[in-house]
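Participant: Sequence:
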Amino acid sequence: MLVLLPPSEGKTAPEAGAPMELDALSLPGLTGARAAVLEALVDLCAGDEDRAAEVLGLSPGLRGEVAKNAGLRQTGALPAGEVYTGVLFDNLGLAKLDEAAYARAERSLLVLSGLWGAVRIGDRIPPYRCSMGVKLPPLGALGTYWRRAMDGVLPEVAGDGLVLDLRSSAYAAAWKPAGTVAARTATVRVLHEREVNGELKRSVVSHFNKATKGRLVRDLLNADAEPASPGELVDALTALGHRVEVSAEGTARKPWQLDVVVVEIH
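My numbering puts the first residue of the sequence shown at 1003, with every later residue one more than the last.
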């Protein structure tokens, strides 16, 4: 099983430590593309601060991120699973997993990134600010840029097993499973069900869908669940106490869509 996760805007900064080494990251087929994005980002942020902040979409309160980006090659690095914070990663709770569950997380989780393309949770990276929605000169839109590199790498990483795609739309643009991979890929939508004037109503959960997705992955890792297909994933999540419905079966052109129905959002 391969689980695709979005990164988080919030990131932990190490107090000290050795800088990251591009050649040491997983998925070496992405090394050249990573080097190009890193060079473009550092060059941008080492120049005009106002322009860099505009390109990166930074508010006045985040202007300090420009200088941090400029020093990425010297900044201390941590495993990606410790760098990324936020709702999804808080509810995934990597630090609370036992040794066996954490080893499964290292094998199965892949975090998409505007800067690194994709990393495993054990890959050592520095904190950075560069979302997939950025148009980074001279490379252009990062979602489009990364798609070319990802198409040559991720199908092999996916192998012939299940792909659980929990990415947000911006990060989904960087790689779109196709053919046999699409047919065994499952995306997840979180629906909130509640009673309104005596009738059950459902609405799509926005912010808190990240919390639910984090808990889904945590439960699968703790249970040593290894579903090999979207159908087996439905069975596994149901057995773990989640309410899951198939809203669309996958084809060679589009993944399966699963709905996880919750009655409380938190």
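Among these hints, one or two may not hold up.
[Stated by the list, open to error] Lysine-lysine pairs mimicking DSS-like chemistry, simulated, CA-CA at most 30 Å apart:
| hint | residue 1 | residue 2 |
| --- | --- | --- |
| 1 | 1137 | 1256 |
| 2 | 1203 | 1137 |
| 3 | 1070 | 1137 |
| 4 | 1178 | 1137 |
No lab work stands behind these hints, which were simulated from the structure alone.
Participant: Against each hint, give a clear statement of whether it holds in the structure.
Facilitator: Verification of the supplied hints:
{"no.": "1", "hint": "1137 with 1256", "verdict": "26 Å, holds"}
{"no.": "2", "hint": "1203 with 1137", "verdict": "39 Å, violated"}
{"no.": "3", "hint": "1070 with 1137", "verdict": "19 Å, holds"}
{"no.": "4", "hint": "1178 with 1137", "verdict": "19 Å, holds"}
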